[in-house]
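Visitor: As given, the protein sequences belong to chains A and B, one line each in that order.
Using this note's numbering, you'd call the opening residue of the first sequence number 74 and step up by one each time.
Using this note's numbering, you'd call the opening residue of the second sequence number 2 and step up by one each time.
Any given hint could be a false lead.
[Stated by the list, open to error] One-sided and incomplete, this derived list gives chain B residues near chain A with beta-carbon spacing under 10 Å:
1. I110
2. F409
3. R434
4. S437
5. L438
Keep in mind the hints are simulated off the structure, nothing from the lab.
Note that beta-carbon positions come from the ideal geometry of N, C-alpha and C, so glycine has one too.
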Amino acid sequence: MIKSAKRGLGLLACYKKAVVFAYAANLGVALLLAVPMLRSIDESFGDGLYDRQVVESIDHDWLELFRERASGAASTFSPAVLGLGPFLEHWETLLEGDLPALPAEILLVATLYLVLNAFLNGAFLGSLSFDPQGTVIREYFRTGGEFFGRFLRMALLAASLYILLQIVVAIPLGFLLENIEKTAETARSGFYWRFSFFLLSFPLVLLLGVLVDYAKIILAAEDRTSVLLALFTSCAFFLRNLPALGGLYLILSGAALLWLLLYAALENLLPQGSGFGIAAAFAVQQAYLAGRLAIRHWFYSAQFSFYLQRR
Amino acid sequence: MSTRQIAPLLPIVAMLLWSGDALLGQFEPSGVADYRMDVRLDSASKTIRGKQTITWRNRTAHPAHNLYLHLYLNAFRDRHSSFVRETGYRPLWQVDGEIPQDYWGYVEIERMTLGEEGTERTEAIVGREFVQPDDSNSADRTVMRVDLSRPVPPGGELELLVEFTSKLPRGVARTGWVEDYYFAAQWYPKLGVFRDGKWNCHQYHSNTEYFADFGRYDVRLTVPADLTVGGTGSFERLDNGDGTATYRFQQDRVHDFAWVAGSRFLVREETFHHPGLPSVALRLLLQPENRHLDNRYLEAVKHTLRLMGEWFGPYPYPTLTIVDPAFGSDTGGMEYPTFITGGVGAFAPPASLNPESVTAHEVGHQWWYAVVGSNEFEEAWLDEGINSWAESRVLRESYPPRRYTRDFFGGFPVVFPSVEIPFETFSLADVRRGGSLEEMARPSWKLFSSRAYQVNSYAKPELAFWTLERLLGWETMQEIFSLYYQRFAFRHATTEDFIAVAEEVARRDLSWFFEPVFYGSEPVDYAVISAKSVEIPEGSESEDGFDETRKFLSQVIVERLGGAALPVEVLLVFEDGEEIRRAWNGADGQRRFQFEGEHRLRYAVVDPERKILLDVDPTNNSLREETQQESGPSRAALKWSSKWLFWLQNLLETMTLLG
């Protein structure tokens, strides 16, 4: 496990550009909606003095007014943009299967991002397979093009499996727990029943993520074309190597969690009323995201190395 | 000393003059309807059986030819009551399939006679029937008319003996049972209010609360001995030795009696003491899972007793019982004389002010409902609205502001400490969304929807009183409410009574405020729509020749966008820091302010001190002069859009887990 994690870091060091491209894609796609959001927020203050009241923290009166008038992507603005709010909100949405309830603009850019990711993931994993020591940008993108179709199909398969998971497991589970919750004697025990839904769904979604990750690795490492076969192979590999594979996953997840906690602590310390403070907070956020993308690629490279070792 | 100097001292003087007993004895005669009851709870069938003697005194100048009784529990008898009909036949309980028979509730009168026990005069009652004074729903059985053979003359008195059975429903609309928890509210036959020659006795509606006369309650309640009991007034407990215990509750000068019995309660007793205020025996009945909240409940009670006591006048009763309701009982957040229910979710982060908020609210109702008895059917705002404002005031004086809290993962609360929710404008969004639906001062069952009821009974009057406080000043407000409390203690007050007191204390006509706010539904919204300075062409002649200094003509246009007109102030600030203030009565739709000076205008603000908290859009109250407006996005816009950008980037990245 540790060896794979280390080798994964070594591989990633040869492909720092993968993180740069992924970050550029993430920022570029997000900016498609963030620019209109900037305009919406700015217009909500008018040309008066009210914006001064909203610099230091979110003014509750303004927040309510903004949310009432906002539509589309702007309607998602809430205090959950602060601190750990985004992480909690997104995981809740993912586990509850509420992604379709997001505004259409967001679903559209998310689809665009997933398509770009199919290309970039293909480029990264394909390049790891062909040239573990690194390659030129042109070759990197050529590899992405070569694997794009397969990775896109894999993304579609993963999305379908997620929907299936919701229909077959999450919805009936939610219904069952809701009925049990009705018999709860206290508010706290009622909460525990509701919370157990998330506790049970969380590993299932993670499991899906792991299986899809290895399926992608198999597509690239074995140069397979069938995404279904790759997924079956991934499942078999998963079952065969469960303890070590799980251990590696825990190491990588631990790193992701540590990075998140470091970000949360730092973000909390920054005064964000002045222009400098706002710029510093922005820099910290973007650094966190770049780090998060690096960790995602470390997941790929370490698991890639693990697969090559154990296949 | 001037009146202004004396005014803040008035409540203190009043406090020194009043002890609780003094207040109780001050307003004779107010005992109109006394109730003696002897009842027994059958926990297996969830029924309360017994008899009551109602002594009713006709204190009006008109004879009463009949009596009207509320039979509130019949709202839960079947699907045909007006209560259920008004909810759009929404199921009263969340159950799959058929509603179990023991979920329904009712009250049956088994026998009714006149006269004292042993000398009943059955012939005096010539008939009784269910009537529907508010609607044509003949299936509604929540009001009964009892016809008398001989009228009760002015000053006369009668005794009505009733034998009845009340079946408690499964917890609904703040009454009923769940497991071995029994909350009995609006559970017994109860007289309406006779005034102006007729009975004010409305049916039980989904959006209404209650109205009754003051009197003395003496209730003997027999329950299984293992249950802990609480109720209105002081009590004595007698163990009957047969597995039951009888509690005798007594309280004078109240207009209702409610009680609770449960097997899981933890009991905590304390006495409230504060210099200048009467002591109050506090009894907290707490669910065991909330044992860690005992101090928070009691602190909220004490803050409210102290502050409202100091501001408006002392709490007049010797006891106050606070019930932490059972989960799923639907009995939380309600007031009864000397007896309230709180309520709390699975978690109670201090920043959410829960249970403090609901506790302060229900304790506040002891002033605005229990002592000043307004008609909650017809003027719900009069107790709920005043009390919402008073509650917010207590919270503001006692706690830091609420922080935005959001539940994640099925109810785990996460507090966002940097997002403060001000007490004063807590209800602004509700008023903006629903304040224009209907006017405040109208019978609550006639309000179009439960949303209109909520806004007009709670949110809008609360915001109106915060606004009035900023317009008149706290000293005047305190004087208004302490006089209103003194004058109408143990009596029924109306909107007109309140306005008369307000105008008496303010020594001026306040119709400019009450007309648009209480009797109108138009929103308040002022905006500065134009602010510009133009340079006056050079070469204008002065006495000494040509004037070399630059001069500007500054013009500001303020518009009343909302239909409601309230007087406002307009502030103009110039580049040299000079400030000009002008008053505007808001009567016209627009007003232009024009000034000539050596400096360009920097900005203009309407209502600069934000006195008019009812203004539904505070963001349009100011405007920078045209040349001073920022060309790019503001710092605030950059900050919050960058935060949202980060939110979106994270969302996109989270979704990669799926492919």
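Visitor: Need the list of violated hint numbers for this structure, in ascending order.
Guide: Hints 1, 4, 5 not satisfied by this model.
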